[in-house]
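Q: Listed below are the residues making up each chain.
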Amino acid sequence: MRFYKNLALSSITPNQQQLLDIALVLAILPHLFIVKPVMILYLFISLLFLIFAKEIKGKHLFLFGLFGTLALALSFYETFTFVGLKRLNIFVSLVISLLFIAVVLQRLSKQINFYLLFSPGLFLALSYFFYNTIMMLFYAITVLFIFLVLLLWYRMQSPLIDAFKMAVSLFSFSLPVIIFLFLVFPRISFETKDFGFRGSDTIRTGHDGLMHIGGDALLVPSKRVVMEVSFDEGVPPSNQLYFRGSVLYEDKTSHWAPAKYTARSLINSSTEDATAYQVTLYPHHKKWIYFLDYPLQSPKEANRDSDYIVTSQKPITETMRYDGYSKLEKTLPVRELTALKKDISLLYDASRDDQLYTYMKDFDSQKGLDELIKYFKALKLSYSLQPLGINPKDPLDSFIFGNREGYCVHFASTFATMARMAGIPSRIVTGFKANPLNSYENYLIVKEEDAHAWVEVYLEGIGWQRIETTQYAVGKSVQQVTETTVEEEVQNPIFHRINLTYMYMRYTLQSWVLDYTRSKQMQLLHTILEDVTLLFKFIVFFITLGVIAYLLRELNHHKRTVHPALKALSPLLKKLKKEGLVKKDSETMEHFLNRSLETSKDSRLLQVIQLYNEAHYGDKESSIATLKALIKHF
Amino acid sequence: MRPLVNSFLTHFISINKSVSSRATKYLGLLVIIMIALFLEAYMHNFNIVYITLFIVFSLAVSGCYFGRKNLYHLSLLALPEGRIFATKPAPLKWRIINHASNPAYDITCTVRGEDLPSESKNDESSQTFKSIEQDTLLTLSSYFKQRGKADWPKVTFESRFPLLHVKFFKVENTERKLIIYPEPKGLSLEQYLKEQPSNYGERSDFEGIRRYDSSDIPSLIHWPSLAKGGDMMSRNFSYTAQLKTLHFDFLSCGENDEARLSQLCLWILECEKQGRDFTLVMPHEIYNSKKETIDAILQKLSTF
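The listed protein sequences correspond, in order, to chains A and B. Under the working numbering, think of the first position of the first sequence as 1, with each following residue one higher. Under the working numbering, think of the first position of the second sequence as 1001, with each following residue one higher.
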């Protein structure tokens, strides 16, 4: 602590090379997560030589160049092709590696040139090709601020604290301009899918388009975020938070799979009375784009089929942000069912699930859905995230007539099969059922653990209707189980809240800072121009920022040390002030004392002038003592 | 509110008026950096790059305000000290007063007088300070071609603080006058006295002969020595008493007024050095070193 205090207050300024090293370390840091280990090893060895060797030149420097080239060759041995250079990230990686070698060689020669001075800025700019996150934004702003402090420290040759204060003042003065430019600077961009950072942030979604129900049923307990959703008007209630993924028709015993037919595409519907929301979907390398049940529109270059499943043309390998419009109803507006679809929605294997088939033999198919639900309820199935005794070869009978414990997939597959046995077309929908506990104001997080399956039954004249099969479980409902699980897992609810708030802030920053697009810009400008109050608020905001910046500058004023000679004079100045003699800003102390001497004719002032000059310019301590004594007797 | 805004604006206008600026080569670099960042942002639509671009631009803009403010509060007070002669490097002193509560950083002060002749050019015409706290002494060399009254030369404060892309200037005029004395030049006093022996007193006893000096007047030549075929010798006399007061005549000491004034200036300075009194006969006045100070006489010469 003392070291830092001393460093901040000490007037010893590091030399240019030391300041440059600090800047280089800060700028290189993000690249260490990208470059290959062999290049990191090269940097590490160079660092050791830099610390322990005096100066490296001639043959040794040439050897270092050779090692660098070798490290470069090993780094790009697998990935490099001349065609690959067309891809910007490979090209930029190559440039960064070359820059590493150049900086190492220049730094080892211990000679500072313009290119070395410029390299920290270049490293920082190149790191933007690989990182486009809120964390990187904060890091970049911090590094730019530190660069400024270092530059000012070097220029001012004063204690670090003074340079820091000056940098704070400069930054705070710049802030209104930065915000103004950020809001209004035209966002024109050259869009190309081959450029930029791709795919390292891939996650599993918990939804893979199939539904396994046997022993290999995969329950996804991960808390990793699949998508973040921001609603225009608050998060809808829990029973409407169904994000549609896949529609499964075929029962393959161990799993349910989609039907092998091509669903026709739907054209976009009107978004009137729809629930509007924005989704940030993280890369999952599949084609599904999730929307609340049921979606009215699909994004560009995506398809919405007649089962209301939205898929992208290519796997989603980058974070995708899209607007969603959904009608939050449990019945899909499909009035007629094609013969093919009806057939595949009624298929079941009576020989496989013979016990269930026997159970359903008494069912009166005229009584319809309500009777079916009664039959299902009568099975007294319990909801459990750790079911036991489910046989993959006979999953339904072993579930229903065994331990009677299962989770969404077991409930859904049983209900769908029972519906088919009752002559009601049915299918299973998999996707996500978001947990309202993961919401904050109008922001909702959907995690892997929210993966869910439910059933849709076709009712003549009505359409496909969603059935939440787990609600018929004995004991705790799925919602209660899920919420209890969340609460159990979140041992500290305060921490959960803080975490949620942090994620909300991160999401808000992400959507309003990093994802601030031309459309958002135009939307904001239109809103401001239409809403006078908002315009007024903006003006007040900028004035406040300006005032804060000005006040910060005033507060950051360096307190000047008063020379002891001036301190000694202060009682005399007070006395002279009483006599109407006030020192003007434009005159020096000596000038003022001479003027006072002419006015007051007090000869002692002559001695004061002499002593003051000796003390002030000759730095004589004895003169200060004499001066003080003389002034005392005035 | 209105007076506050007015004073704020007046302050800004005043800063802009009194401190001027000029771009440096680093501004070119800054522009290149900004174009590169824009292209990167344009290609990728990365707001993070746009934000960096805006930060760089905004820092450059606010750096201009801080740079102007750095010089704005500096003023100068001329400190008259010493004699200044025409065509000689003149050491001048000022006191730099910083009216701000913050120090001013990276200041170079340059005197804006007439150009120093190449043979006497040195670095003393400018002085650099890492920081100027409240009160700092400034000593710079200037150069004046002509005698007479002159304005104190203007001093330019220059600074590239806080960033390097713009150089700021503030020209300070002290509004005081200087007296430039004539250039002390011509025959030395000793030489003059040899040529004008009466100024030394009356010749009395013959003391002997000595080797002839080219400055000796013909009446001192010892002709017998020469007649005998020896070297040219001069007669040496002792003088009864040195004259206490020397007499200089303006009209007889040079070919033109400037040469006369320079000659007189040299003799006066030598008299002052040797502690000798003199009278100076000017066309309409007579100056006596007993009645007037040397500086007063020199001032009269400089304004002749």
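Possibly wrong hints are sitting among the right ones.
To be verified - Okay, the calculated bits of chain A under chain B, using three or more residues with CB under 8 Å as the criterion:
| id | segment |
| --- | --- |
| 1 | 128-139 |
| 2 | 177-183 |
| 3 | 499-506 |
| 4 | 512-519 |
As the list claims (entries may be wrong) - Restricting the straight-line Cα-Cα distance to at most 25 Å, the calculated cross-link-like pairs of lysine-lysine (DSS-like) are:
| id | chain 1 | residue 1 | chain 2 | residue 2 |
| --- | --- | --- | --- | --- |
| 5 | A | 583 | B | 1185 |
| 6 | A | 537 | A | 578 |
| 7 | B | 1177 | A | 584 |
Simulated from the structure, these hints should not be mistaken for laboratory data. For every residue, glycine included, the Cβ atom is placed at its ideal position computed from N, Cα and C.
Q: Check each numbered hint against the structure and report the violated ones by number, ascending.
A: As far as the earlier hints go, 3, 5 and 6 are violated by this structure, in ascending order.
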